[in-house]
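Undergrad: Assemble the dimeric complex from its two separately framed chains, guided by the hints.
Listed in order, the protein sequences are those of chains A and B. The opening residue of the first sequence carries number -8 in the working numbering; numbering runs sequentially from there. The opening residue of the second sequence carries number 246 in the working numbering; numbering runs sequentially from there.
Hints in this document: simulated from the structure, not taken from any laboratory. Just to be clear, a hint being listed does not mean it is correct.
Said to hold, decoys possible - Stretch by stretch, here's where chain A covers chain B in the computed footprint (C-beta under 8 Å, at least three residues):
| id | stretch |
| --- | --- |
| 1 | 329 to 341 |
| 2 | 360 to 370 |
| 3 | 374 to 387 |
| 4 | 409 to 421 |
| 5 | 457 to 468 |
| 6 | 514 to 526 |
Beta carbons: idealized from backbone N, C-alpha and C, even for Gly.
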Amino acid sequence: MKRVSSGDRIFYILNNAFMLLMIAVCIYPMLYVLFASFSDAGKLMQQSGAMLWPAGFSTEAYKAVLKNRMIWISYKNTFIQVFLGTAIAMVMTVMCAYILSRKNLKIKKLINIILVASMFFSGGMIPGYLAIKSYGMLNTVWAIVLPPAISAMNVIVMRTSFQALPASLEESASIDGASEMHILFNIILPLSKPVLAVIALFYGVAMWNSWFSAAIYLDKRDLFPLQLYLREVLINSSTDAMMTGSAGSAATDRVAVSETIKYATIIVSTLPILFAYPFLQKYFVKGVMVGAIKG
Amino acid sequence: MKTRSKGKHSPGVWLRELADEVREHKFIYIIAVPVLVYYLLFYIKPLYGLMIAFKDYSFVKGIVGSPWTDHYGFGHFMTFLQDPYFFRLIKNTLAISCLGLLFDFPSAIILALLINEVRSKHYKKIIQTATYLPHFISIMVLCSMIYTFTGRDGFVNDIIAMLGGERSPLLTRPELFRPIFIISGIWQGVGWNSIIYLSALSAIDPQLYEAASIDGASRVRQIFSVTLPGILPTVTIMFIMRTGSLLSVGYEKIILLYNDMTLETADVISSYVYRRGLLNADYSYSAAVGMFNSIINLMILWVTNYLCRRMSETSLW
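So that you can see chain B by itself, here it is in the shape it has in the complex (with noise of 0.2 Å):
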C-alpha cells in the first residue's frame, strides 16, 4: 500500500469529508457496523491476543497484566527453537506438505487433463459427478472409514493377507502413516480441485487444437503443446497459494488419525500446537509456535511469489 503525502490530506480534512460520506451513504455506514463489529471481535482481538506469545500468560492477570518473557519478549521463541521436539515438527511439516505437493497437487491437474480427453460428454459428466463425490464426505466420516478400512480386519488388511502379507492395524505403523495422510487426501480432493483447471481448460481456443491436429500432432502430444501450456498460469497461481501453507498441514485430519505410535512422523506444528495449548493450557508458548508457523508461511508465499513473477509473469500480486 501507497503511504499518502500527509500535506494534501490534514486530519481535519480527512474528518470533514468522513463525515460527508457518512451524511451521504448513510446505509453503508449503518451496514458497516456489523462488520467492524465482528472483525473486532473475531480477528483484531485475537491478533491483539497474539501479545501474549511474548508474555507469560496467566488467567488472572489479564494480557496486558501478564509479564513479558525474557529476551525481549521472545522467550518463548527461543524454547521453541530448542524444544526437543522443533526438528521433528519442522521435519514432519515439510515431508507431509510436500508430499502433498508432489503427489496431491498435480493429481487434480493430470485428472483434469484425462477428463478433457473423454469425447463422450455424457460418460464426462459421470466421471465427474463420481469423482466430487468423497469431497462432500466430512472429515470426521473420511477418517473413519480409515480407521476401518486399515483396521486388523480391515478391507486393505484383507487384500494384504490376500497378497501373502501380515495382517497389522496399518495406522499404529508410524511409516505408514504419511503413505495413508497424502492418499486419502487425493481420493477426497483430486476431482473437486480438478474443477477449476477443467474450467481453466474450457477458455483454450479450439483453433489451437485444429492447427496442431492439422500439423500433425497426437490427442497426447496436444495435450502437452496445447493444453498445458493454455493452464500454466492457472497452476502457477495455484502452485503459489499452495507453498503458503507449505508450513501449515490441516491438523483436524491429523489430530483424528494420529495417535502416540505414530507421532514421530505424524505430529506436525499445528496439532503441537493444540495439543500444548488447548489440551495442556500452554496458551503462551503454543501461541508462539503459532505465530512462528504463520510468519515463516508468510515469507514461504512471498519468496514463492517473487520467483514466479520473475520466471513466468503470473502472480498473485
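Here chain A stands alone, though its shape is the one from the complex (with noise of 0.2 Å):
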C-alpha cells in the first residue's frame, strides 16, 4: 500500500462515513417496516421517530393477514402469471434472439426493424387497450403475460451474448452437417445458461411487480395479482377484511390495529423477492453489465 497524503486521509474517512449513511438510508426504511409489523398495535400508536426493535411484540397482524382468503388467491395468481409470463417471454426472446444473431436473412432485417422501432415508437396505452379488448382478452391471464414476451432490451442483450460466442464452434457444427435446429438447442443455448438465467430473472421480476395492466384488464378480484391486491389493502386502505374477528373493536383500536396489519402485509408479500435478493442481485448485475457493452 502506497503512503497515503493527509488530505486524501480525511477523503476517504468523510467517504467511509457517508457511505455508511447510505447503508442506513437504504436498509432503514425496510427494518422499519419489520420492526412495525411485529409491533404491539396500540405501542405502536404511541411509538414517536426511530424505531430501534419493535414496540412491544405481538404477531397479531400476521395472524390476521394470513387468515385472509384474498392474500392466498392473489399469491397463487401471482405465481401462475410469473412462471407462466416468464417461460412465454424466454421462448419468444430465445426465438427472437436466435433469429436475429443469423447472418443477412430477410426475415433478419424485417424483425430488426421492428425491434428497433418500438423500442422508440409505439401505439401507447389506449390504442393497446383496445387492441387486447379487441382479442377478447379481457379478465384473462394472457392480457397479462402475453403483452411483455418480447422486451427488445433483453432481446438486444441476448443476441448480443448469442453472437459472442466463438463462431468456430458453429462452423464445425455445420460442416459436420448440424442443422440451425440443432446448433440452437445442442451449441447456443448449453453455452449460454447464465444470459439466459439473468434474463429469466429480468423477466420474473418485472411480472412479479407488474400491476398496471391487471389493473386495467382485469376486474374479476379472483383474477387479482398480488400488487394490485396489495393496492386495496395498502394504498386505499382496505384492511377491514382482515380486522373482522380480530380483537380490537374500538374505533381507535381498528386504526392501530389496520397500520400494523399494512405493516405485516408488506412485509408477507415482499418476502419472496428478500430471499430470492441475493442471488437475483448477482445475476441482475452481470445482466446490467452485459447490457451495458452494447451500450
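TA: Below, the structure written as C-alpha cells:
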C-alpha cells in the first residue's frame, strides 16, 4: 500500500462515513416496516420517531394477514403469472434473439426494423388497451402475460451474448451437418446458461412487480395478482376484511390494528423477493453489465 | 436506412431469393412465425389502432368505420392545444423530469464515483448490496411505504414534529409532491443506476491513476481529472437516453401517489391519458394526447443526439 497523504486520508474517512449513512438510508425503511409489523398495535400508535426494535411484541397482524383468503388467492395468481409469463417470454425472446444473431437473412432485417422501431415509438396505452380488448383477452391471464413477452432490451442483450460465442463452434458443427435447430439447442443454449438465467430473472421480477396491466385488464377479484391486491390494502386502506374477528373493536383500536396489518402485509408480500435477493443481485448485475457493452 | 436501388432487385428476384432462403433456413423461418405474430398482435395492431387519434372512435363503428375528425383529422390535437389543462400538464411533466435530470441522474454517477473510492473490497460489497436492495421493492410497496411514512403519524412527520413543525399528511400538499416523487425515486434507483457507471469505471486504465498520483494529484483531484473523463462517454449515452424520455414520466408511480388535492403539481401527460382514456373511456382524444407525447419525445431525443454528436463524438446513432 502506498503512502497516503493526510488530505487523502480525510477524504477516505469522510467517504466511508458517508457510505455508512447511505447503507442506513437504504436499509432502515425496510427494517422499520419489519419492526412495526411485529409491534403491538397500541404501543406502535404511541411510538414516535426512529424505532430500533419492535414496540412491544405481537404477531396478531400476521395472523390476521395469513387468515385472509384474498392474500392466498392473489399469491397464487401472481405465481401463475410469473411462471407462465416468464416461460412464454423466454421462448419468444430466445427465438427472436436467435433469428437476429443469424447473418443476412431477409427475415432478420425485417424483425430488426420492427424491434428498433418498437424501442422508439409505440401505439401507446389506449390503442394497446383497445387491441387487447378486441382479442377478447379482458379478464384472462393472457392479457397480463402475452404483451410483455418480447422486451427489445432483453432481446438485444441475448443476441449480443449469442454473437459473442466463438464462431468456430458453429462452423465446425455445420460442417458436420448440424441443422440450425441442432445448433440452437445443442450448442448455443447450453453455452448461454448465464445470460438465460439473467434474462429469465429480468422477466420474472418484472412480472412479479407488474400491476398496471392487471389494473386495466382485470376486474374479477379472483384473478387479481398480489400487487393489485396490495393496492387495495395498502393504498386504498381497506384492511376491514382482515380485521373481522380480531380483538380490537373500539375505533382507535381498529385504526391501530389496521396500521400493523399494513406493515405485516408489506413483509408477507416482499418475502419471496427478499429471500431471492442475494441470487437476484448477483445475476442482475451481470445482466446490466452485458447490456452495457452494447450501450 | 438506405433505400435500395430498384434496378438491382426486382420483385421477382426478391421473391426467388426469399424462397431460396426459406428452403435453406427452414428452422429460422419457422421460429420467425410466432415472433411475427407477436409483433403483429401487440405492436403493429396498436400502431394501426393509433389511427383513432385522428378519428371519433366509437366501439360500434370500429376503427375503420369511425368518422375522421375536423381539421383534416387533427381535431383532437387542436383540442389538446386548447385544453385548459394543456399548460399544466406540460409544465408538470417537464418539471418532474427536469428535476429528475437535475438530481436523480447525477446521484447515481456520484454514488458510483464514491463507491469507487472505497478501498476495502468487503465494505464495497456491503455498500453495493445495501444500495441495490430498494430496486427490488415493488412500486406498490414503495408507494405504500411513502404513504405510511408521510402520513400524519408517519416517521417523517415525527421528525417534523420533533423539529417543532406542524404535523400534516404530506401527500396532500401540492408543493411537496415533486420532492417526494424525486426523493423516493432516488432512494429506489440510485444504487441500481450506479452499476452501469461502476462497470465503466472498472474499465479505466489503472496506469492513469498511477501517473496522476506521481504528478502529485490528490484522490479528489484524480476523480475530476481521471475518473470523470473516463466515464464521460457512458454518461453521455445515458444522458441522451434520459432526455429521450423527458416527456414521459412513469405514470405508475404518479397515479398511485396523486390525489385531487395535488393534481395541480402532480398531473402529467401520461396520467392524464390514463384518466381521460381508461377511466372516462375518451379513447380517441387520449390516444391523440399520447401520440403527441411520444412524437415530442422522439424529437427531443433526436435533437439531443444531434447536439451530443456535434459536441462530443459520442451519440446513440
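Undergrad: How does the coverage statement for the stretch 360 to 370 of chain B fare against chain A, requiring three or more residues with Cβ below 8 Å from a Cβ of that chain?
TA: Contact hint for the stretch 360 to 370 of chain B vs chain A: holds, 5 residues under 8 Å.
Undergrad: Mind taking a look at whether chain A covers the stretch 409 to 421 of chain B? Criterion is 3 or more residues with CB to CB distance under 8 Å.
TA: Coverage by chain A is violated for the stretch 409 to 421 of chain B (0 residues, Cβ < 8 Å).
Undergrad: Are there three or more residues in the stretch 514 to 526 of chain B whose C-beta lies within less than 8 Å of some C-beta in chain A?
TA: holds (count 5)
Undergrad: Three or more residues of the stretch 374 to 387 of chain B near chain A by CB distance under 8 Å?
TA: Holds: 12 residues of the stretch 374 to 387 of chain B have a Cβ under 8 Å from chain A.
Undergrad: For the stretch 329 to 341 of chain B, count the residues whose Cβ lies under 8 Å from any Cβ of chain A; is that count three or more?
TA: violated (count 0)
Undergrad: Can you confirm whether chain A covers the stretch 457 to 468 of chain B, using C-beta to C-beta distances below 8 Å and requiring at least three such residues?
TA: holds (count 4)
Violation of the numbered hints given earlier is confined to hints 1 and 4; the remaining hints are satisfied by the structure.
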